[in-house]
Amino acid sequence: MLVVAEREHLPVPQAKAGVPEAWDTLFRRYQLPLYVYVFELVHDEQASLDLVQETFIAAVRHIGSLRDDAKFGSWLFGIAHQKCIQRWRKQDREDMLRAEISDEAVRSADSPDELLLRREQEDEFMQSLNQLSLPQRSVLLLHYVEEFSLEDIADITETPVGTVKSRLHYAKTALRKLMEEKYENPA
Amino acid sequence: MKTPREILLDRHRAAEPKLEAIRREVVAAEFHGPGRVSSVSPSESLKTPETGKMPVLLLIWREVIWPCRRIWTGLAAVWLLILAVNLSMRDPVSNITGKPVRSGAVMISWQTQQRWMSELLTERPMPPEADRPRNVVPGPRTESSAPTAV
Numbered sequence: 001m002l003v004v005a006e007r008e009h010l011p012v013p014q015a016k017a018g019v020p021e022a023w024d025t026l027f028r029r030y031q032l033p034l035y036v037y038v039f040e041l042v043h044d045e046q047a048s049l050d051l052v053q054e055t056f057i058a059a060v061r062h063i064g065s066l067r068d069d070a071k072f073g074s075w076l077f078g079i080a081h082q083k084c085i086q087r088w089r090k091q092d093r094e095d096m097l098r099a100e101i102s103d104e105a106v107r108s109a110d111s112p113d114e115l116l117l118r119r120e121q122e123d124e125f126m127q128s129l130n131q132l133s134l135p136q137r138s139v140l141l142l143h144y145v146e147e148f149s150l151e152d153i154a155d156i157t158e159t160p161v162g163t164v165k166s167r168l169h170y171a172k173t174a175l176r177k178l179m180e181e182k183y184e185n186p187a
Numbered sequence: 188m189k190t191p192r193e194i195l196l197d198r199h200r201a202a203e204p205k206l207e208a209i210r211r212e213v214v215a216a217e218f219h220g221p222g223r224v225s226s227v228s229p230s231e232s233l234k235t236p237e238t239g240k241m242p243v244l245l246l247i248w249r250e251v252i253w254p255c256r257r258i259w260t261g262l263a264a265v266w267l268l269i270l271a272v273n274l275s276m277r278d279p280v281s282n283i284t285g286k287p288v289r290s291g292a293v294m295i296s297w298q299t300q301q302r303w304m305s306e307l308l309t310e311r312p313m314p315p316e317a318d319r320p321r322n323v324v325p326g327p328r329t330e331s332s333a334p335t336a337v
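Quick note, the sequences are listed as chains S and U, same order. At position 19 of the first sequence (counting the first as 1) the number is 19 in the numbering used here, and the numbers step up by one without a gap. At position 36 of the second sequence (counting the first as 1) the number is 223 in the numbering used here, and the numbers step up by one without a gap.
If you are wondering where the hints come from, they were derived from the structure by calculation, not from laboratory data. Hints may be right or wrong, so weigh each one.
Taking lysine-lysine pairs in the BS3-like style, the calculated list, with each CA pair at most 25 Å apart, reads [as the list claims (entries may be wrong)]:
(1) Lys16(S) - Lys90(S)
(2) Lys189(U) - Lys182(S)
(3) Lys177(S) - Lys83(S)
(4) Lys90(S) - Lys165(S)
(5) Lys165(S) - Lys177(S)
(6) Lys177(S) - Lys205(U)
(7) Lys165(S) - Lys71(S)
(8) Lys90(S) - Lys71(S)
(9) Lys83(S) - Lys189(U)
Everything numeric in this text was worked out from a predicted model, so none of it was measured.
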């Protein structure tokens with residue numbers, strides 16, 4: 001079963017009403033996870049900062065489109081995801097997002113905390129993560145960084161839940177395999 | 188031992204000062220900058236949760252006009268074109284009388300129509316006798332010969 005982040009009391013209604021302090025609180029809460037997600041997809045610091053800024057601006061201007069206040073986090077990540085896609089499209093790398101993986105249910109015991117890593121494994125984890133395909137990395141980051149549910153990840157990436165399940169499963173399997181290889185055959 | 192989340196967040200802690208600056212910049216630009224949303228107190232915001240204190244005209248400008256500015260510009264151009272065509276096709280006005288100058292063909296057509304109208308109005312046949320309304324003055328109700336039921 002996926003561990004979904006506990007519902008926080010975020011000042012989304014006040015943000016909708018245009019209270020700057022509410023926006024400040026919301027952005028403070030999400031700025032680092034959002035940056036991590038974007039950076040691990042684009043691997044460019046300046047581009048990631050630009051994308052986070054664009055995401056914040058778009059969020060302020062289009063908050064009216066958010067129907068469920070409890071979904072603010074996934075809505076914000078959805079904007080960032082779309083910004084990343086727009087960037088990839090500009091770079092003619094759209095095909096990287098279209099890797100289709102066969103559908104298979106994710107194992108129920110796979111929670112974000114299941115994988116615990118020692119300090120010496122951290123580099124291997126990051127290297128292995130970066131070897132995954134973009135769709136797999138995207139799903140895995142959303143799962144690890146914000147512990148979004150499968151439905152939320154499906155909303156963010158505009159992908160069917162079944163595809164998200166299979167991507168997450170294969171991403172975890174591939175990550176484990178890559179890490180085991182690195183652990184067994186250190187460079 | 189760390190979770191992947193902790194590893195990922197720790198790896199990028201160095202970017203936090205830049206993110207703080209971005210956050211402040213966005214909030215300042217969007218809420219305190221020129222032409223942007225003005226600051227609203229939380230108590231006021233509860234009264235109007237959707238729009239806050241944002242002026243209606245500004246809201247319309249931001250939500251309706253600005254996003255579709257090209258379409259609105261196109262529509263305005265079309266209307267201007269229609270107006271220009273309409274003005275150019277108007278009858279020219281005589282400089283002396285101030286009345287519109289009509290061409291000969293138009294005048295003849297107008298006179299013909301006037302003649303037909305006058306013929307229709309003057310030669311209208313009177314309705315037949317049977318159809319005319321009768322001027323019958325009703326008598327008093329007491330003199331009515333109709334029997335009354337007991």
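Here's how the hints hold up against the structure:
Our distance criterion of 25 Å between C-alpha atoms is broken by Lys16(S) and Lys90(S), whose separation comes to about 31 Å. Taken as a hint, the Lys189(U) and Lys182(S) pair is honoured in the structure, with Cα atoms around 19 Å apart against an allowance of 25 Å. For the suggested pair Lys177(S) and Lys83(S), the alpha carbons sit about 31 Å apart, so the restraint of at most 25 Å is broken. Note on Lys90(S) and Lys165(S): the hinted pairing is violated, with a Cα-Cα distance of about 28 Å set against a maximum of 25 Å.
Among the hinted pairs, Lys165(S) with Lys177(S) is consistent with the structure: their alpha-carbon atoms are about 18 Å apart, no more than 25 Å. Note on Lys177(S) and Lys205(U): the hinted pairing is violated, with a Cα-Cα distance of about 35 Å set against a maximum of 25 Å. For the given pair, Lys165(S) sits about 20 Å from Lys71(S) by alpha-carbon distance, which is consistent with the 25 Å threshold. For the hint pairing Lys90(S) with Lys71(S), the CA-to-CA distance comes to about 29 Å; that exceeds 25 Å, so the pair is violated.
A hinted pair counts as satisfied when its Cα atoms are at most 25 Å apart, and Lys83(S) with Lys189(U) does not qualify at roughly 30 Å.
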